[in-house]
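Chains as they are written, first to last, in the numbering used here: chain W, 1 to 352; chain H, 1 to 352.
Be careful, since some hints might not be right.
Same chains, same label: a pair holds when it works inside one copy or across any pair of copies.
Result set (BS3-like, lysine-lysine): computed pairs, CA atoms no more than 30 Å apart in a straight line [claimed, not checked]:
1) Lys238 to Lys326
2) Lys238 to Lys320
3) Lys326 to Lys245
4) Lys179 to Lys342
5) Lys245 to Lys60
6) Lys144 to Lys253
7) Lys238 to Lys253
8) Lys203 to Lys122
9) Lys238 to Lys260
10) Lys144 to Lys238
11) Lys238 to Lys143
12) Lys143 to Lys253
13) Lys203 to Lys245
14) Lys245 to Lys260
It should be emphasised that the hints constitute simulated quantities derived from the structure, not laboratory data.
These numbers were taken from a predicted model, which means no experiment stands behind them.
2 protein chains.
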Amino acid sequence: MKARSALCPLPARIAVLGLTLAVLCGCASRPPSQAVEALPARPASQAVDPLASWNDGPAKQAILEFVADVTNESGAHYVPPAERIATVDNDGTLWVESPLPTQLLFALDRVKALAPSHPEWKTTQPFQAVLEGDHAALAASGKKGIEEIVMVTHVGMTTDEFERIVVDWLAANKHPELKRPYTECVYQPMLELLAYLRANGFKTFIASGGGVEFMRPFTERVYGIPPEQVVGSSIETKFEMRDGKPVLVREPKLFFLNDKEGKPVGIQKFIGRRPIAAFGNSDGDLQMLQWGAVGDGRRLGLIVNHDDGTREYDYAHGSKLQSVDKILDAAGPAGWTVVSMKNDWNRIFPSE
Amino acid sequence: MKARSALCPLPARIAVLGLTLAVLCGCASRPPSQAVEALPARPASQAVDPLASWNDGPAKQAILEFVADVTNESGAHYVPPAERIATVDNDGTLWVESPLPTQLLFALDRVKALAPSHPEWKTTQPFQAVLEGDHAALAASGKKGIEEIVMVTHVGMTTDEFERIVVDWLAANKHPELKRPYTECVYQPMLELLAYLRANGFKTFIASGGGVEFMRPFTERVYGIPPEQVVGSSIETKFEMRDGKPVLVREPKLFFLNDKEGKPVGIQKFIGRRPIAAFGNSDGDLQMLQWGAVGDGRRLGLIVNHDDGTREYDYAHGSKLQSVDKILDAAGPAGWTVVSMKNDWNRIFPSE
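Bound conformation, chain W alone (with noise of 0.2 Å):
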């Protein structure tokens, strides 16, 4: 996924930032009346199958295909438990990105909350914007306001306090369209996918463009996915002494962009073997694929396609948000599995 929810000024950015903008002014391809359509529960017969919610196909088979070859022992294609490691990006590819990503969301949501402390926000924008819910003058204030925004409400405090203000945050608010708590707008399928996965030996990871200490409060919880599991966008800290007390003060400065060319970087950096399995769901991945899912040795390069605008949104040919004609383009050529949320899944969330 790209790095939508900006930490930082950063020029690979501007591009993302000023399709963000024009989401902003409303460009979701979904209603919001369609937003949540349930779906017959799941006979009985399916209790015993580990992937559910995936419909016989061309993907589950891949998948099921692909983890017989790397467990079985006798075979030419298995692969050490230790090195059975998998990549998965979160945004669009474990929970849902329209018509914001979530993290945009939350950094609005904070300009809201924390305006009492900013009464001069009234009237300078892009704050104001925000407070009277103003997308045009929103989107008038460009990249360099959405940039101000996101830093002003992630950086300043503790790594525990901005813990406490995610935490809380997913607990007070729901998908403005979904109308459910963002953590549970994740992919039913995919968290099947994962824990059958770690079933199997593999361990799992997050490589998202995402800011990392936006996600590690819930990922352990939501995925199965602990803390230290999770590769992201970073910026960076402090340490001090507060009154005796050791505390990280985060500060208005990128650290690490996990996007794009950056996502084989960091998943060297961050884990330091190069995974067998990576899944994603944009150009944002393309290289995140191609480092896990080229090569020698059985691999799994798998592409979440956004088809269903039913029971999810329909931006299977890119969006003014999200672009994906490279890594679609690159799937056949590699071996990739394309993933249609319409046609492989019977369920996209787990409430259904």
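Dock chain H against the given chain W, drawing on the hints supplied.
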């Protein structure tokens, strides 16, 4: 530990490199003739003791009581397994760092190995000094010279190529004074401590000033710590597709220095959980112990003090290479345990 095996020019390293140069001129406090002195084999009665190489005493007692407390589900200090994180320094805490840190010896050896491709080095400092074993000339080349040596030997290749170089070097070389492979110059009591913690549900991490890609090739085999649980200093890498194959190329620029204030910063960035146990041996570990072993709840801070000039090296009060004043001064008020290698360990190395 200090990040003495410099990865890149950096002001913070000047003092360290200065000390390293002093040591290059011959300041080791341990005569080579005392290199290997075998101890009697352990009596069979100790076979079941998971900390058999630790003598009974306050250090061993502190470890046993800490582990008993945090694993006692009905006790006041219980810590769930997921939060049992221990971070351990490498140089001087898990393996020998005298007379020079292993990674610096590696860099010097690499100059010799690469010399045939660099005929100009025969008459160019600091390389000429390395090739001729001229310690005085090497010291005269200063910080800049050492940095040049480290840079030339650590960058330009892919991450896979560098790993192969490290693996081959470790297999082919022995410690100049202890006369055994570097990976056998590790402290048996610390191996036992790591295994004991893991047997009690801990996840053990290395947090070292050394280069992370220098350590990862051997940490799993030697310490039982997999690559993804090694935090260290690192340089920038660049992702490329070469002839359809993905590579990461090591670039001549520092990415992160995991030393002093950088240790808690790195622990939070790479692990994302605060440790409850932290072990080090010098002032470069002070902030890591403050982060992991100061605060609410039961914590264990442990400092390996090198006071055994007979079996290892004596720099109990610091050396030109290593300062220990700050961490030893902090130990008492913080309640950290100072381990005397001489008195608390009945074995130093696995081969004894």
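Cross-check of the supplied hints:
1. Taking the shortest alpha-carbon separations for Lys238 and Lys326, only the inter-copy value of 20 Å comes in at or below 30 Å, while the best intra-copy value is 38 Å.
2. Within a single copy, Lys238 and Lys320 get their C-alpha atoms only as close as 36 Å, which misses the 30 Å cut-off; across copies the closest is 28 Å, which meets it.
3. Proximity of Lys326 and Lys245 under a CA criterion of 30 Å is satisfied inter-copy only: 17 Å between copies versus 49 Å inside one chain copy.
4. For the identical chains of this complex, Lys179 and Lys342 are intra-copy neighbours only, at 21 Å inside a copy versus 65 Å across copies, given an alpha-carbon limit of 30 Å.
5. With identical chains, the CA atoms of Lys245 and Lys60 are at most 30 Å apart between copies only, with a shortest distance of 27 Å across copies and 51 Å within one.
6. Both within a single protomer and between protomers do Lys144 and Lys253 lie at most 30 Å apart by alpha-carbon distance, with minima of 15 Å and 29 Å respectively.
7. Taking the shortest alpha-carbon separations for Lys238 and Lys253, both the intra-copy value of 11 Å and the inter-copy value of 21 Å come in at or below 30 Å.
8. Within a single copy, Lys203 and Lys122 get their C-alpha atoms no closer than 48 Å, and across copies no closer than 49 Å, so neither meets the 30 Å cut-off.
9. With identical chains, the CA atoms of Lys238 and Lys260 are at most 30 Å apart both within one copy (27 Å) and between copies (11 Å).
10. When the C-alpha separation of Lys144 and Lys238 is checked against a cutoff of 30 Å, the pair qualifies both within a copy, at 25 Å, and between copies, at 28 Å.
11. Both within a single protomer and between protomers do Lys238 and Lys143 lie at most 30 Å apart by alpha-carbon distance, with minima of 27 Å and 27 Å respectively.
12. Taking the shortest Cα distances, Lys143 and Lys253 sit within 30 Å of each other both inside one copy (16 Å) and across copies (29 Å).
13. Proximity of Lys203 and Lys245 under a CA criterion of 30 Å is satisfied inter-copy only: 24 Å between copies versus 34 Å inside one chain copy.
14. Proximity of Lys245 and Lys260 under a CA criterion of 30 Å is satisfied inter-copy only: 16 Å between copies versus 38 Å inside one chain copy.
The earlier numbered hint that this structure contradicts is number 8, and it is the only one.
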